[in-house]
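Q: Please construct the entire structure, taking both the sequences and the accompanying hints into account.
There are 2 protein chains.
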Amino acid sequence: MSKKLTKRSEDYSKWYNEIVSMAELAEISAVRGCMVIKPYGYAIWEKIQNELDTRFKDTGHENAYFPLFVPKSLFEAEEKNAEGFAKECAVVTHYRLKNDPIKRGKLIVDEESKLEEELIVRPTSEAIIWNTYKNWIQSYRDLPIKINQWANVVRWEMRTRLFLRTAEFLWQEGHTAHSTKKEAVQETKLINNLYKSFVEDFMSISVITGTKSESEKFAGAEETYCIEALMQDGKALQAGTSHFLGQNFAKAFDVKFSNDEGNLDYVWATSWGVSTRLMGALIMSHGDDYGLVLPPKLSPYQVIIIPVFKSSHELDLINNYLNNLKNQLKDLAIDYKIDERDNISPGKKFNEYEVKGVPIRLCVGLRDIENKTIELFRRDEMKKSLISICEASNNISKLLLEIQESLLKKSKLFLKNNTKVASNYSDFKSMIKSGGFILAHWDGSEESEQKIKKETKATIRCIDDSFTDEGICIISGRKSKQLVYFAKAY
Amino acid sequence: MSKKLTKRSEDYSKWYNEIVSMAELAEISAVRGCMVIKPYGYAIWEKIQNELDTRFKDTGHENAYFPLFVPKSLFEAEEKNAEGFAKECAVVTHYRLKNDPIKRGKLIVDEESKLEEELIVRPTSEAIIWNTYKNWIQSYRDLPIKINQWANVVRWEMRTRLFLRTAEFLWQEGHTAHSTKKEAVQETKLINNLYKSFVEDFMSISVITGTKSESEKFAGAEETYCIEALMQDGKALQAGTSHFLGQNFAKAFDVKFSNDEGNLDYVWATSWGVSTRLMGALIMSHGDDYGLVLPPKLSPYQVIIIPVFKSSHELDLINNYLNNLKNQLKDLAIDYKIDERDNISPGKKFNEYEVKGVPIRLCVGLRDIENKTIELFRRDEMKKSLISICEASNNISKLLLEIQESLLKKSKLFLKNNTKVASNYSDFKSMIKSGGFILAHWDGSEESEQKIKKETKATIRCIDDSFTDEGICIISGRKSKQLVYFAKAY
Chain A
35 MSKKLTKRSE
45 DYSKWYNEIV
55 SMAELAEISA
65 VRGCMVIKPY
75 GYAIWEKIQN
85 ELDTRFKDTG
95 HENAYFPLFV
105 PKSLFEAEEK
115 NAEGFAKECA
125 VVTHYRLKND
135 PIKRGKLIVD
145 EESKLEEELI
155 VRPTSEAIIW
165 NTYKNWIQSY
175 RDLPIKINQW
185 ANVVRWEMRT
195 RLFLRTAEFL
205 WQEGHTAHST
215 KKEAVQETKL
225 INNLYKSFVE
235 DFMSISVITG
245 TKSESEKFAG
255 AEETYCIEAL
265 MQDGKALQAG
275 TSHFLGQNFA
285 KAFDVKFSND
295 EGNLDYVWAT
305 SWGVSTRLMG
315 ALIMSHGDDY
325 GLVLPPKLSP
335 YQVIIIPVFK
345 SSHELDLINN
355 YLNNLKNQLK
365 DLAIDYKIDE
375 RDNISPGKKF
385 NEYEVKGVPI
395 RLCVGLRDIE
405 NKTIELFRRD
415 EMKKSLISIC
425 EASNNISKLL
435 LEIQESLLKK
445 SKLFLKNNTK
455 VASNYSDFKS
465 MIKSGGFILA
475 HWDGSEESEQ
485 KIKKETKATI
495 RCIDDSFTDE
505 GICIISGRKS
515 KQLVYFAKAY
Chain B
35 MSKKLTKRSE
45 DYSKWYNEIV
55 SMAELAEISA
65 VRGCMVIKPY
75 GYAIWEKIQN
85 ELDTRFKDTG
95 HENAYFPLFV
105 PKSLFEAEEK
115 NAEGFAKECA
125 VVTHYRLKND
135 PIKRGKLIVD
145 EESKLEEELI
155 VRPTSEAIIW
165 NTYKNWIQSY
175 RDLPIKINQW
185 ANVVRWEMRT
195 RLFLRTAEFL
205 WQEGHTAHST
215 KKEAVQETKL
225 INNLYKSFVE
235 DFMSISVITG
245 TKSESEKFAG
255 AEETYCIEAL
265 MQDGKALQAG
275 TSHFLGQNFA
285 KAFDVKFSND
295 EGNLDYVWAT
305 SWGVSTRLMG
315 ALIMSHGDDY
325 GLVLPPKLSP
335 YQVIIIPVFK
345 SSHELDLINN
355 YLNNLKNQLK
365 DLAIDYKIDE
375 RDNISPGKKF
385 NEYEVKGVPI
395 RLCVGLRDIE
405 NKTIELFRRD
415 EMKKSLISIC
425 EASNNISKLL
435 LEIQESLLKK
445 SKLFLKNNTK
455 VASNYSDFKS
465 MIKSGGFILA
475 HWDGSEESEQ
485 KIKKETKATI
495 RCIDDSFTDE
505 GICIISGRKS
515 KQLVYFAKAY
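Chains as they are written, first to last, in the numbering used here: chain A, 35 to 524; chain B, 35 to 524.
Simulated from the structure, these hints should not be mistaken for laboratory data. Incorrect hints may appear among the rest.
A pair counts as met if it fits within one copy or between any two copies, since identical chains are not told apart.
[What the hints assert, rightly or not] Taking lysine to aspartate or glutamate pairs in the EDC-like style, the calculated list, with each CA pair at most 20 Å apart, reads:
1. K371 - D92
2. K371 - E117
3. K371 - E58
4. K360 - D92
5. K121 - E146
6. K140 - D288
7. K121 - E234
8. K91 - D369
9. K180 - D87
A: The structure is reproduced here in structure tokens:
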């Protein structure tokens with residue numbers, strides 16, 4: 035922990051990688067592009083999982099589990115979806131190893147175990163799930179089906195970055211089936227709103243929402259809704275997507291149902307997901323030059339207590355002094371940890387938990403016992419204060435709420451301050467250099483979208499229907515129906 | 035649900051498969067040997083997960099996540115482990131598909147995307163984890179490491195059965211690292227005891243515990259501890275294992291630490307796991323000729339309420355009547371579900387929840403409102419009674435505890451009644467025909483073990499150190515140090 039963190043202004047990308055490593059969130063593994071999620075990082079992911087899982091169940095969803103592998107013939111059934119993922123698929127071709135006849139103690143693939151049909155490691159599960167739903171759905175009485183799955187998926191990315199883009203990642207994927215288009219669209223929107231409120235309430239990250247342009251939407255979807263966050267370096271990050279799949283998968287897998295009038299119709303579908311990418315959003319939304327900054331609701335523990343002692347007798351005195359406070363914290367359901375290691379100095383411990391972003395640090399020495407005090411350090415503002423031990427638990431409880439809200443407020447302000455309107459292409463080009471979201475008129479054509487992307491690297495992040503003012507497309511000069519959000523993105 | 039369940043006495047194996055299907059626990063998927071875990075089955079698995087996860091954390095373990103893939107060179111590093119799993123490995127050899135130049139709309143593996151080194155889909159994670167631990171461990175101060183992972187693993191089994199033996203299954207795998215042999219052995223035992231008490235307290239399944247013989251232990255372990263349950267057909271089922279790995283993996287991956295005297299030594303290891311196989315144990319321990327029987331602590335909901343009504347007005351009256359009871363159940367943290375479907379008769383609903391093993395069924399009609407009563411049905415004993423609505427919540431609360439205990443008691447009795455001592459081989463051979471555990475003297479040699487296995491299909495399920503009486507091996511006539519448990523097994 036003696037290594038110093040690079041400043042964001044010096045090298046944002048290096049700063050990110052160092053936080054991931056120094057806060058012990060994750061590390062690169064021996065497998066190309068795959069990561070090891072370390073206990074501290076995984077504990078944050080578990081908090082994300084638990085809260086999302088509760089929200090999914092509260093809105094009538096159930097969990098289930100579908101196979102890791104997709105037979106090639108199923109994978110290719112929905113053509114657009116297959117095309118979208120074909121170039122990044124891990125493919126299982128054999129099911130056995132045997133002893134290498136040449137090198138002793140080594141193994142080689144047994145060519146006799148070649149599979150008749152290759153298996154794709156799921157990059158997403160629409161194919162295997164809709165092939166299953168086919169047998170579950172006969173009548174409108176079998177609908178809706180609202181299932182979520184927590185799983186690992188594999189997309190063979192060439193350039194990987196921990197949490198942001200890895201060959202294997204963890205996610206949840208919801209897959210629902212409905213009897214009407216209206217209900218499926220409602221579900222798609224409901225989940226996108228659920229994502230938005232989760233990310234805001236729980237992760238203190240402000241997002242914009244809307245739909246994707248034709249070229250940016252999910253392969254196989256009719257419409258993709260999304261939440262997009264803005265990182266401190268001015269680049270956007272897609273934090274969650276919810277897809278209205280129309281009847282595309284029902285048609286590809288021949289999933290029909292008899293409606294309440296007895297007629298056969300194809301089933302309507304949605305799918306939606308968020309992934310360990312959210313960890314990247316978390317780091318880049320709140321982190322500062324001292325390390326990670328965690329919203330209390332996501333922190334594996336909200337309070338770290340550091341006793342300053344020179345002997346086990348002194349440590350006993352301090353622990354005795356802390357007894358009441360510990361009980362009070364327990365009663366308030368505030369998770370705390372005490373770091374009693376005697377081979378690391380308090381100063382080093384301070385650094386360690388600053389890098390790890392623990393919201394509140396308490397420090398107690400012998401003098402505090404005399405004075406009935408405790409030193410409280412607020413991580414997000416890097417501010418120290420001396421408070422009375424009697425009032426500590428109350429203060430901490432209030433402060434945790436305040437930190438959670440303050441981080442969201444800061445995030446909202448940052449989003450607002452970094453969202454600009456460009457009325458012409460020359461303004462757009464100069465604005466995009468300094469990052470942020472740029473609202474600009476676009477004629478709706480892929481041609482204009484691609485030209486902007488090629489010349490500025492900015493893409494359409496989302497189309498917000500609440501903007502209705504017509505105007506002139508900044509690049510083609512043709513009529514535009516509305517302003518849309520542009521940004522450079524992760 | 036109109037299909038009738040096969041009786042256990044007619045065809046135990048068919049009975050098992052039908053319960054899995056009719057109780058909507060799981061089904062065969064389009065992928066050879068892989069299963070779909072359906073929502074009701076997954077909800078039971080979630081209860082198992084939550085409770086185990088709590089117990090792991092309470093004993094100082096943390097969760098983390100390691101890659102799905104193991105590069106072949108790491109996989110083969112610990113030779114015995116590699117040898118044990120080589121014949122059942124799914125192997126990824128390519129990372130891209132491309133359009134089939136001959137068949138339009140079809141995809142083929144892109145031969146240009148062949149991996150330099152093949153990736154094994156993890157059958158277990160010792161290799162990838164110990165290759166990671168290598169970088170985490172320098173000194174005794176870095177130890178112990180006590181990590182658990184919830185994950186999917188793949189073992190290419192030729193004969194598969196839902197939950198009991200599938201190509202992909204879900205499990206938890208703990209991997210710990212210690213500075214002394216003593217501590218590692220303690221951890222191995224602690225976890226095996228944790229498994230035993232979890233399975234007994236929570237799943238109401240009685241088990242025997244002990245160590246495996248040389249030929250039955252985990253590939254790469256020094257010693258394998260296990261819990262073994264006895265199914266109703268007299269076959270044993272290995273329900274959990276905890277391995278003392280010695281320094282085998284530390285040596286294979288060169289993981290050394292400097293001890294408190296400054297000398298370098300190899301790290302001591304354990305690994306341990308339980309899987310979705312527990313679902314099979316659950317079905318075959320408690321199920322009866324009417325379907326699944328769930329211990330209340332594992333049931334997705336403990337109480338199913340079936341209103342008997344002919345109009346929505348009648349349903350309103352009943353719901354109104356139930357309001358108090360519903361609130362009381364909520365306060366008691368008892369999960370209930372009300373089945374208000376109007377296209378399915380109460381009789382069919384009765385069958386459905388009997389097959390699903392819901393511990394308590396309540397049935398309410400208009401006459402109950404008049405009489406201030408409610409009909410209560412106890413699933414494990416298939417007994418109906420009419421009780422007062424005012425006392426219902428209290429009765430239910432007590433009854434749930436009683437059912438949980440009663441199932442364990444029954445399981446214990448079954449285990450006891452089906453464990454016999456064979457003093458000679460002829461007795462052994464006749465006893466093994468009717469199933470159950472047989473305690474017999476064994477000389478400790480693999481030769482004797484294999485002979486018994488070949489001639490009777492019985493294997494040594496576990497060696498319980500509490501048996502210390504010496505005797506004569508039933509097959510070789512040589513001296514034996516103790517009685518060991520034999521059985522035919524799943």
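Q: Is the C-alpha distance from K371 to E117 at most 20 Å within one copy, between copies, in both cases, or in neither?
A: neither (49 Å within a copy, 43 Å between copies)
Q: Classify it for me, K360 with D92: is the Cα-Cα distance of at most 20 Å met within a copy, between copies, both or neither?
A: between (33 Å within a copy, 18 Å between copies)
Q: Could you place K180 and D87 in one of the four classes (within, between, both, neither) given a Cα distance threshold of 20 Å?
A: Within one copy, since 13 Å is at most 20 Å while 26 Å is not.
Q: Give the relationship of K140 and D288 under a CA distance limit of 20 Å: within one copy only, between copies only, both, or neither.
A: between (46 Å within a copy, 18 Å between copies)
Q: For the identical chains here, do K371 and D92 meet the 20 Å Cα criterion within one copy, between copies, both, or neither?
A: Answer is between: at 14 Å across copies they meet the 20 Å cutoff, but 31 Å inside does not.
Q: I want to check one pair: K91 and D369. Are their C-alpha atoms no more than 20 Å apart within a copy, between two copies, both, or neither?
A: For K91 and D369, only the inter-copy Cα distance (14 Å) is at most 20 Å; the intra-copy one is 25 Å.
Q: Give the relationship of K121 and E234 under a CA distance limit of 20 Å: within one copy only, between copies only, both, or neither.
A: For K121 and E234, the Cα distance exceeds 20 Å both inside one copy (34 Å) and across copies (49 Å).
Q: Quick one: K121 to E146, C-alpha cut-off 20 Å, is that within a copy, between copies, both, or neither?
A: Between copies only: 12 Å across, 27 Å inside.
Q: Pop the pair K371 and E58 into one bin, within, between, both or neither, using alpha-carbon distances up to 20 Å.
A: within (17 Å within a copy, 43 Å between copies)
Taken one by one, the earlier hints fail for this structure at numbers 2 and 7, listed in ascending order.
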